[in-house]
Amino acid sequence: MKARQSLVTETGSMPALRPALLAFVLVLGACASSQGVESLATPESRALEGRFTWLDDAPRSGVRVGRYTSKPWGFRTNSFVIAGPEGSYLVDAQFLPSAAAELLEIVEAEGAGPVRGAFVLHPNPDKFNGTAVLQAAGVEVWTSEAVGAEIPEVFEARTAAFGPRYAPDWPSQTPAPAPIEAGARFELGDAQLELHELGPGCGAAHLVLSLERGDERGRELFVGDLAAEGTHLWLELGHLDAWRTRLAELEAMAPARVHPGRGDSGTVALLRANDAYLAEVRERVLAASEGEAGRAEVFEALVAAHPELRYAVFLNLGLPAVQAALRPGN
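Numbering of the sequence shown is given in the UniProt record's numbering, commencing with residue 1 and proceeding in unit increments.
There could be a bad hint or two in this list.
DEER-style ranges, computed between Cβ atoms [to be verified]:
| hint | residue 1 | residue 2 | range |
| --- | --- | --- | --- |
| 1 | E140 | A324 | 36 to 42 Å |
| 2 | A324 | A276 | 18 to 24 Å |
| 3 | E86 | E181 | 19 to 25 Å |
| 4 | A304 | G87 | 44 to 50 Å |
| 5 | E216 | L326 | 41 to 47 Å |
| 6 | Q192 | P328 | 40 to 46 Å |
| 7 | G87 | R217 | 17 to 23 Å |
| 8 | V303 | E251 | 25 to 31 Å |
| 9 | P85 | R219 | 16 to 22 Å |
Derived by calculation from the structure, the hints in this document are not laboratory data. Think of the CB as a built atom: it goes at the ideal place given N, C-alpha and C, for glycine as much as any other residue.
Please build the complete structure, drawing on both the sequences and the hints.
Following this line, the structure appears as structure tokens:
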């Protein structure tokens, strides 16, 4: 299935970035020019298409969950389709506008339309960049006020870092999901969806969507990048302790199934594995040397300890913030 034509970017001047975001842009640019982003998403991978699969065998008359995973050029980002007899809801709007368009085509081809709405779970471009594509197709896109407040600044920084590389497959304007209150509930067939607002973790603010189908499957959580399977975690903000608190909050919700921002869905064990990873990062940073040498030491040790995890650049980009949070002055 071919993706629809991507949006054309109109490049304009941008105001000066805050120091922290400017530092992020400079670091990311260095990675892109060496082994970092270049090794994650090569130009050749642009020709690949995303993958879609239904995660259960619920009949079309019931409610089922499907996962769309973008091509490597879009960082293998997950979006989810929660489909019922009256239509479907989407979870996260993708990094590439063309991927959001491809997702809409898949929903239509699978007979899962109409799309009744979409949720942006946190303020990173792999969750919000496809917002305008969905809105242009008549889909309401929602997020919390806290997440929405972060999007303009994050988008500005990511446009400086990624825009020229990904154009024309990059938003021409700041994505603007509509605000929605935490605790909002939606019915889909016999299933109940509910939004839960959480504090900082991977991002500065988070939404989590719960799904309860009223059967033996139990509660399912769509958690965005608060959890990942098969990849290093995006540590840009350095909120290790807060992130671990978020994971504990998710576990307290007693999910039977956890749907992450990257990788395969899992159980509470996935949350615990992510918590253990964050604890290991914390321990290694505190035990390492100071400054750049210490960061390199931690990076090499974690990559060696976890050869199964992709996207080591996520770790590399985040270690300066983690070190600054845990060892101020280094």
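Each hint tested on the structure:
no. : hint                    : in the structure
1   : E140 x A324: 36 to 42 Å : holds (39 Å)
2   : A324 x A276: 18 to 24 Å : holds (23 Å)
3   : E86 x E181: 19 to 25 Å  : holds (22 Å)
4   : A304 x G87: 44 to 50 Å  : holds (47 Å)
5   : E216 x L326: 41 to 47 Å : holds (43 Å)
6   : Q192 x P328: 40 to 46 Å : holds (44 Å)
7   : G87 x R217: 17 to 23 Å  : holds (20 Å)
8   : V303 x E251: 25 to 31 Å : holds (27 Å)
9   : P85 x R219: 16 to 22 Å  : holds (21 Å)
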